[in-house]
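K.L.:
One letter stands for each residue in the lines below.
Number of protein chains: 2
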Amino acid sequence: MLEIEIKARAEDLEELREKIVKLGAEFVKKQRQVDTYFNHPGRDFAKTDEALRIRKVDDDLFLTYKGPKLDRLTKTREEFEVKVADETAKIILKRLGFREVAKVTKSRDYYRLSDFEIMLDTIEGLGYFIEVEKRADEYRPEELVEFLESLGIKKDAIERRSYLELVLEAKSREYF
Amino acid sequence: MLEIEIKARAEDLEELREKIVKLGAEFVKKQRQVDTYFNHPGRDFAKTDEALRIRKVDDDLFLTYKGPKLDRLTKTREEFEVKVADETAKIILKRLGFREVAKVTKSRDYYRLSDFEIMLDTIEGLGYFIEVEKRADEYRPEELVEFLESLGIKKDAIERRSYLELVLEAKSREYF
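If you read the protein sequences in the order shown, they are chains V and X. Position 127 (the first sequence) corresponds to 288 in my numbering; numbering is contiguous. Position 113 (the second sequence) corresponds to 274 in my numbering; numbering is contiguous.
The following block holds chain V by itself, in its conformation from the complex (with noise of 0.2 Å):
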C-alpha cells in the first residue's frame, strides 16, 4: 500500500477551505502537531533523503520514520509509524547518537472528500499550506495533481520540500 501525497503553497487558506467544502469535503478534526527532527549518526539524511521525527499530537506521541521519495513531483515514500508512551524516546534516541536538527510547528485541519485526505496548513514562520493525500495500490500521482488544479493552484506552486527542509532553509537565510 502507497501513501500518495503532494503538497503546494497556498496564499488564501479561507478560499481554499470554501472551495473544498462546495466539492463536498468533511471537516475532519483539527490538530496542533509539533514535529521534532532528527539527523543519523552515521548518515546525512538531507543527502539520503529519509527523516526521523518524534510527533507530538496533543498528548500523544509518535516516532516516525520515512523513507526516501519515489519520484520527482509527489511525496511518496516508505512510512513507519510507533506510537511511543513518552518523551523518553527522544532521551534513547539522542544516546544513539541521533541529533535534533530542527522543530515544525503545524496547525492542520483535516477534511475528507471521497479517498482523499486533505489537510490545511499554517505552519510558524513558512506561511499556508494544502496537502492531498491518497493510499492505494497503484502509483498514479497525476490524479492528485489535477485536483489540485481544479481548485486553482498552479504547478508552480507544489512544493516537493518538506517542511523540514523549508523551515532549516529559512533558518540558514537568517544568517545571510
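Rather than coming from a laboratory, the hints here were simulated on the basis of the structure. Just to be clear, a hint being listed does not mean it is correct.
Same chains, same label: a pair holds when it works inside one copy or across any pair of copies.
30 Å max Cα-Cα, derived DSS-like pairs, lysine-lysine [unchecked claim]:
#1 K255 <-> K295
#2 K267 <-> K208
#3 K316 <-> K251
#4 K183 <-> K264
#5 K244 <-> K217
#6 K316 <-> K255
#7 K295 <-> K267
#8 K191 <-> K332
#9 K191 <-> K208
#10 K208 <-> K251
#11 K315 <-> K251
#12 K264 <-> K316
#13 K230 <-> K264
#14 K264 <-> K244
#15 K208 <-> K190
On the provided structure of chain V, position chain X as indicated by the hints.
P.N.:
Below, chain X alone, put in the same frame as chain V:
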C-alpha cells in the same frame, strides 16, 4: 537515581527460592520475556558496552537503551525505557540501520525483599540465574554482594556479562 544491579549463576533455583522466602521475600509476578537485541549502524555495542533492546512482555513491547556499565563488579548503568505500541518499532530500527544480533528468552519470577528486587531467571540455552536490584541515589554495590553471599552464593558465581553476551558466546562456541 541509579539502578544498582548484580547477577549470579545459580545451581538450584528452588533452593534459592526457599531461602529468600524464609527471609521474608514476597512473590510479585511471573513473566515470560523475549528480548531482541540490536547493534548500532555506526559503532559496535559489544565494544562500547551499550545495548539496545526491544522487550516483549506478554503483549507489551518496550524499547530500552542501556549505557556502558559503571564499574567492574555490578551491572550498574544508565537505562532508558519507553513503551512502544507495536512491532513497527523493529522495522523502524532496521530501516535506520540497526541490526538484530540475538534473542534472549527468559522466564522470570520477581520477588520483593525490603528495598531489594530479586529475580529468579531461567534463560533458554543458558540455565539458572539470580538477579538483585536496588534503586538508590548513592552507589554502594557491596550491599548486594553481601546479600548474595548470605544466600550461599560465592563471589566467583557473580556474572557481570549480560544475557546477551552469554547467548552470543554460547552461539559462537557452537561453531567451533
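K.L.:
Taking the hints in turn, state whether each one holds.
P.N.:
Hint by hint, here is what the structure shows:
1. For the homomeric pair K255 and K295, the shortest alpha-carbon distance between copies (26 Å) is at most 30 Å, but the shortest distance inside one copy (33 Å) is not.
2. For a Cα distance limit of 30 Å, the shortest separation of K267 from K208 inside one copy, 24 Å, qualifies, whereas the shortest one across copies, 41 Å, does not.
3. Proximity of K316 and K251 under a CA criterion of 30 Å is satisfied in neither setting, with 38 Å inside one chain copy and 38 Å between copies.
4. With identical chains, the CA atoms of K183 and K264 are never at most 30 Å apart, being 34 Å at best within one copy and 56 Å at best between copies.
5. With identical chains, the CA atoms of K244 and K217 are at most 30 Å apart both within one copy (10 Å) and between copies (16 Å).
6. In this homomeric assembly, K316 and K255 never come within 30 Å of each other (Cα to Cα): the closest approach is 39 Å inside a single copy and 36 Å across copies.
7. Proximity of K295 to K267 under the C-alpha cut-off of 30 Å is restricted to the intra-copy arrangement: shortest distance 20 Å within a copy versus 43 Å between copies.
8. Taking identical chains as interchangeable, the C-alpha atoms of K191 and K332 lie at most 30 Å apart only when both belong to the same chain, with a minimum of 27 Å there against 53 Å between chains.
9. Taking identical chains as interchangeable, the C-alpha atoms of K191 and K208 are never at most 30 Å apart, the minima being 33 Å within one chain and 48 Å between chains.
10. Within a single copy, K208 and K251 get their C-alpha atoms as close as 23 Å, and across copies as close as 24 Å, so both meet the 30 Å cut-off.
11. When the C-alpha separation of K315 and K251 is checked against a cutoff of 30 Å, the pair qualifies neither within a copy, at 39 Å, nor between copies, at 41 Å.
12. Taking the shortest Cα distances, K264 and K316 sit within 30 Å of each other inside one copy (28 Å), while across copies they are farther apart (51 Å).
13. In the homo-oligomer, the alpha carbons of K230 and K264 lie at most 30 Å apart inside one protomer (21 Å), although the nearest pairing across protomers, at 33 Å, exceeds that limit.
14. Proximity of K264 to K244 under the C-alpha cut-off of 30 Å is found in both arrangements, the shortest distances being 19 Å within a copy and 23 Å between copies.
15. Neither within a single protomer nor between protomers do K208 and K190 lie at most 30 Å apart by alpha-carbon distance, with minima of 34 Å and 49 Å respectively.
In the structure shown, a violation is registered for the earlier hints numbered 3, 4, 6, 9, 11 and 15, in ascending order.
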